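Build the full structure now, drawing on both the sequences and the hints.
With this note's numbering applied, the sequence shown corresponds to residues 13 to 178, in that order.
Please note that a few of the clues may not be correct.
As the list claims (entries may be wrong) - Listed below are the simulated BS3-like cross-link pairs for lysine-lysine, each with C-alpha atoms no more than 30 Å apart in a straight line:
{"#": "1", "residue 1": "Lys-35", "residue 2": "Lys-119"}
{"#": "2", "residue 1": "Lys-51", "residue 2": "Lys-86"}
{"#": "3", "residue 1": "Lys-35", "residue 2": "Lys-45"}
{"#": "4", "residue 1": "Lys-35", "residue 2": "Lys-123"}
{"#": "5", "residue 1": "Lys-110", "residue 2": "Lys-35"}
{"#": "6", "residue 1": "Lys-34", "residue 2": "Lys-24"}
{"#": "7", "residue 1": "Lys-35", "residue 2": "Lys-25"}
{"#": "8", "residue 1": "Lys-99", "residue 2": "Lys-149"}
{"#": "9", "residue 1": "Lys-119", "residue 2": "Lys-30"}
{"#": "10", "residue 1": "Lys-14", "residue 2": "Lys-152"}
{"#": "11", "residue 1": "Lys-124", "residue 2": "Lys-24"}
{"#": "12", "residue 1": "Lys-110", "residue 2": "Lys-123"}
{"#": "13", "residue 1": "Lys-149", "residue 2": "Lys-14"}
{"#": "14", "residue 1": "Lys-119", "residue 2": "Lys-45"}
{"#": "15", "residue 1": "Lys-123", "residue 2": "Lys-99"}
{"#": "16", "residue 1": "Lys-110", "residue 2": "Lys-99"}
{"#": "17", "residue 1": "Lys-30", "residue 2": "Lys-45"}
{"#": "18", "residue 1": "Lys-123", "residue 2": "Lys-24"}
{"#": "19", "residue 1": "Lys-24", "residue 2": "Lys-119"}
{"#": "20", "residue 1": "Lys-45", "residue 2": "Lys-34"}
{"#": "21", "residue 1": "Lys-25", "residue 2": "Lys-14"}
{"#": "22", "residue 1": "Lys-110", "residue 2": "Lys-124"}
{"#": "23", "residue 1": "Lys-110", "residue 2": "Lys-149"}
{"#": "24", "residue 1": "Lys-124", "residue 2": "Lys-99"}
Unchecked claim - Simulated DEER-style distance windows between Cβ atoms:
{"#": "25", "residue 1": "Ile-60", "residue 2": "Lys-24", "range": "29 to 39 Å"}
{"#": "26", "residue 1": "Asn-55", "residue 2": "Ser-20", "range": "37 to 47 Å"}
{"#": "27", "residue 1": "Asn-93", "residue 2": "Asn-169", "range": "20 to 30 Å"}
{"#": "28", "residue 1": "Ala-172", "residue 2": "Glu-134", "range": "13 to 23 Å"}
{"#": "29", "residue 1": "Phe-158", "residue 2": "Pro-54", "range": "33 to 43 Å"}
{"#": "30", "residue 1": "Glu-175", "residue 2": "Glu-15", "range": "18 to 28 Å"}
{"#": "31", "residue 1": "Asn-163", "residue 2": "Leu-21", "range": "11 to 21 Å"}
{"#": "32", "residue 1": "Phe-16", "residue 2": "Phe-112", "range": "19 to 29 Å"}
{"#": "33", "residue 1": "Gln-162", "residue 2": "Ile-49", "range": "22 to 32 Å"}
Hints listed in this document are in silico derivations from the structure and should not be mistaken for laboratory results. Predicted model, so just to flag it, every value in this text is computed and none were measured. All residues carry an ideal CB built from backbone N, CA and C; glycine is no exception.
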Amino acid sequence: MKEFIPNSLPLKKDIETKEILKKSISSNSALAKLNGISKIIPNSNILINSLALQEAKDSSEIENIITTHDELYKASLDIKNLSSATKEVQNYKNALLKGFRLVADNKLLLKKHIVEIQQELEQNDAGARRQSGTNLKNTKTGEVIFTPPQNYEDIENLLANLESYI
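So this is what it looks like as structure tokens:
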């Protein structure tokens with residue numbers, strides 16, 4: 013499968029279609045409800061952490077990284093002897109929360125923040141991927157489902173374009 017190189021931002025496509033605007037209204041309504049609920053919860057971090065944990069678990073399943081809620085709750089209690097999948101999902105959750113805090117604190121998402129989030133996810137400070145060969149495969153068939161940009165310069169340019177757009 014050919015690597016996917018996103019188009020530069022801003023897109024030269026009209027994204028303010030009727031369908032998208034209708035979805036914006038319902039999304040705004042849902043966010044307003046969530047905001048209201050978060051104000052009556054004694055500790056809104058409970059809600060944020062549970063949403064981040066669920067997102068991390070569900071998104072990791074796409075990469076065939078499967079764990080249970082029980083394992084994830086044990087991980088939050090610093091119980092040792094966790095599976096590698098649980099540790100990986102826990103890193104994903106921590107990276108999501110780090111991103112949330114960075115945006116909340118800075119009111120902006122910068123390239124350096126994306127690198128910090130990646131460091132949390134990968135548990136190293138390697139920065140943007142320099143080695144080619146990364147792809148997402150169906151574990152049953154071996155079929156390549158997605159191939160991200162492979163060239164370091166492409167990745168750096170895409171990150172710079174995203175930062176400039178934001």
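For each hint, the structure was consulted:
1. Note on Lys-35 and Lys-119: the hinted pairing holds, with a Cα-Cα distance of about 24 Å set against a maximum of 30 Å.
2. About 28 Å separates the Cα atoms of Lys-51 and Lys-86, which keeps this hinted pair within 30 Å; it holds.
3. For the proposed pair Lys-35 and Lys-45, the alpha carbon gap of about 15 Å is at most 30 Å, so the pair holds.
4. A hinted pair counts as satisfied when its Cα atoms are at most 30 Å apart, and Lys-35 with Lys-123 qualifies at roughly 29 Å.
5. For the given pair, Lys-110 sits about 28 Å from Lys-35 by alpha-carbon distance, which is consistent with the 30 Å threshold.
6. For the given pair, Lys-34 sits about 21 Å from Lys-24 by alpha-carbon distance, which is consistent with the 30 Å threshold.
7. A C-alpha spacing of about 17 Å is found between Lys-35 and Lys-25, which places the hinted pair at or below 30 Å, so the restraint holds.
8. With a C-alpha separation of about 21 Å, the suggested pair Lys-99 and Lys-149 falls inside the 30 Å cut-off, and the hint holds.
9. With a CA separation close to 29 Å, the supplied pair Lys-119 and Lys-30 stays within the 30 Å bound.
10. Straight-line distance between C-alpha atoms of Lys-14 and Lys-152 comes to about 20 Å, which keeps the hinted pair within the 30 Å bound.
11. About 26 Å separates the Cα atoms of Lys-124 and Lys-24, which keeps this hinted pair within 30 Å; it holds.
12. For the hint linking Lys-110 to Lys-123, the alpha-carbon distance of about 14 Å falls within 30 Å, and the restraint holds.
13. For the proposed pair Lys-149 and Lys-14, the alpha carbon gap of about 13 Å is at most 30 Å, so the pair holds.
14. In summary, the hint linking Lys-119 to Lys-45 is supported, as the alpha carbons are separated by about 22 Å, within the 30 Å threshold.
15. Taken as a hint, the Lys-123 and Lys-99 pair is honoured in the structure, with Cα atoms around 25 Å apart against an allowance of 30 Å.
16. Of the pairs offered as hints, the one joining Lys-110 and Lys-99 holds, with about 16 Å between alpha carbons and a cut-off of 30 Å not exceeded.
17. Under the criterion of a C-alpha separation no larger than 30 Å, the hint pairing Lys-30 with Lys-45 is consistent with the structure, at around 23 Å.
18. At most 30 Å may separate the alpha-carbon atoms for a hinted pair to count; Lys-123 and Lys-24 meet this at roughly 23 Å.
19. For the hint linking Lys-24 to Lys-119, the alpha-carbon distance of about 26 Å falls within 30 Å, and the restraint holds.
20. A threshold of 30 Å between alpha carbons decides the hint, and for Lys-45 with Lys-34 the separation of about 17 Å falls inside it, so the pair holds.
21. Distance hint between Lys-25 and Lys-14 is fulfilled; the C-alpha atoms sit about 23 Å from each other, no more than 30 Å.
22. Pair hint Lys-110 plus Lys-124 holds up; C-alpha atoms about 13 Å apart against a cutoff of 30 Å.
23. Among the hinted pairs, Lys-110 with Lys-149 is consistent with the structure: their alpha-carbon atoms are about 28 Å apart, no more than 30 Å.
24. Between Lys-124 and Lys-99 the alpha-carbon distance is near 24 Å, which keeps this suggested pair within the 30 Å criterion.
25. Evaluation of the 29 to 39 Å hint for Ile-60 and Lys-24 yields a pass: the beta carbon distance comes to about 35 Å.
26. About 42 Å separates the C-beta atoms of Asn-55 and Ser-20, a value consistent with the hinted range of 37 to 47 Å.
27. Roughly 42 Å separates the CB atoms of Asn-93 and Asn-169, a value that falls outside the hinted 20 to 30 Å.
28. Between Ala-172 and Glu-134 the beta carbons are some 20 Å apart, a value that agrees with the proposed interval 13 to 23 Å.
29. Distance hint check for Phe-158 and Pro-54: the Cβ-Cβ separation is about 41 Å, which falls inside the suggested range of 33 to 43 Å.
30. A hinted range of 18 to 28 Å holds for the C-beta pair Glu-175 and Glu-15, which are about 21 Å apart.
31. In this structure the supplied range 11 to 21 Å holds for Asn-163 paired with Leu-21, their Cβ-Cβ distance being about 19 Å.
32. Taking 19 to 29 Å as the suggested C-beta distance range, the pair Phe-16 and Phe-112 conforms, at roughly 26 Å.
33. Taken as a hint, the range 22 to 32 Å is violated for the pair Gln-162 and Ile-49, whose Cβ atoms sit roughly 43 Å apart.
The structure does not agree with the numbered hints 27 and 33 stated previously, though it agrees with the rest.
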